[in-house]
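Turn these sequences into a full structure, and let the hints steer you where they fit.
2 protein chains.
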Amino acid sequence: MPDAGLYFIGRIRTPWTHRSDCPKNSHQAHEAQAVCNVEIDHAFQPALAGLEGTTHLWLLYFMDRAPRNLVVQVPRRYGEGRGTFALRSPARPNPIAMSAVRVLDIAEGRLTVIGVDCLDGTPLLDIKPYFASTDCHPDAVVGWHRARTEEAAEEAPPAPG
Amino acid sequence: MPDAGLYFIGRIRTPWTHRSDCPKNSHQAHEAQAVCNVEIDHAFQPALAGLEGTTHLWLLYFMDRAPRNLVVQVPRRYGEGRGTFALRSPARPNPIAMSAVRVLDIAEGRLTVIGVDCLDGTPLLDIKPYFASTDCHPDAVVGWHRARTEEAAEEAPPAPG
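Read top to bottom, the protein sequences are chains L and H.
Heads up: the first sequence at position 110 corresponds to 110 in my numbering, and the numbers run straight through without jumps.
Start counting at 1 in the second sequence, then tack on 1000, and there's your number in my numbering.
Be aware that a few hints might be false.
[To be verified] Partial list, computed: chain H residues near chain L (C-beta under 7 angstroms):
no., residue
1, Gly1050
2, Val1072
3, Val1142
4, Trp1144
[Unchecked claim] Partial list, derived from the structure: chain H residues whose beta carbon lies under 7 angstroms from chain L:
no., residue
5, Gly1005
6, Glu1052
7, Gly1053
8, Arg1088
9, Ser1089
10, Ala1091
11, Pro1093
12, Leu1104
13, Asp1105
14, Ile1106
15, His1137
16, Arg1148
[What the hints assert, rightly or not] From the derived model, a few chain H residues whose C-beta atoms are all more than 10 angstroms from chain L:
no., residue
17, Pro1015
18, Pro1067
19, Arg1076
20, Ala1107
21, Glu1108
22, Arg1110
23, Glu1151
24, Ala1152
No lab work stands behind these hints, which were simulated from the structure alone.
Since the structure is predicted, the reported quantities are computational estimates derived from the model, not experimental observations.
All C-beta atoms in this analysis are idealised placements derived from N, C-alpha and C, irrespective of residue type, glycine included.
The following block contains the structure:
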């Protein structure tokens, strides 16, 4: 039995209808640059009031096709098992994904944004303003990711000349 | 009827047992500087593997005492009604809060962190690594907040001399 319930408040519209089409490892490559739409259900549209002049939002959405029973998993590209809480994989006990998106437009209960990586039709859970003062940590390090990046740099062939 | 279910995977231990004690508007004042603990339920402790060397994490938690039926609300300090999606108030259709925390220690299924602002015992939903490449947007602007800050600056007395 679940401990609490979620209500879907809208849907995210993206160009991707199969998981293999979705941007991968967008934390590395800024691959999620497509313009997407977010449709807010009618009852929740008044909650968009006051967003004028806001440039970035958090979208929280529900990865409803992801398994929820993996505590350790092997990422597609890395081949080494890691704990779910060390990964941004959609597979997790509560498959809530979050993306900081850039706002292009808000009109008629619809957001136009850049920065999501999910399947078309993904259920929306929440929208929050992005506060740089608390949400932005430029010096943050992900231990395994830094180690991997350094390793790749060492393996790269020397620059020509 | 809810559209999906959540499972609580641990609890956040903080010094605050009443809502009035919790840090307020922590996006403005960096008020949430207390050292807090996060207790992970035994079944989910293996999911912490691979976090060595990681400096910042996202905690997602469930504000289980917040009302869920407010689409417009008047923040305590500001006195002007705004849409829920323009605020970080815990009162929202899905009362999922998120905080980027600094990691001090991870040991025996327990995280020691700085950066949460919730009541003692708040249910934990998820832990994710913080990736500066996608999570950090230093130029993000919250429209109403900037307007308010500029207004306050105009109202401030001129600097002496």
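### Query
Of the numbered hints stated previously, which ones are contradicted by the structure, given in increasing order?
Violated hints (numbers, rising): 9, 10, 12, 13, 14 and 16; every other hint is consistent with the structure.
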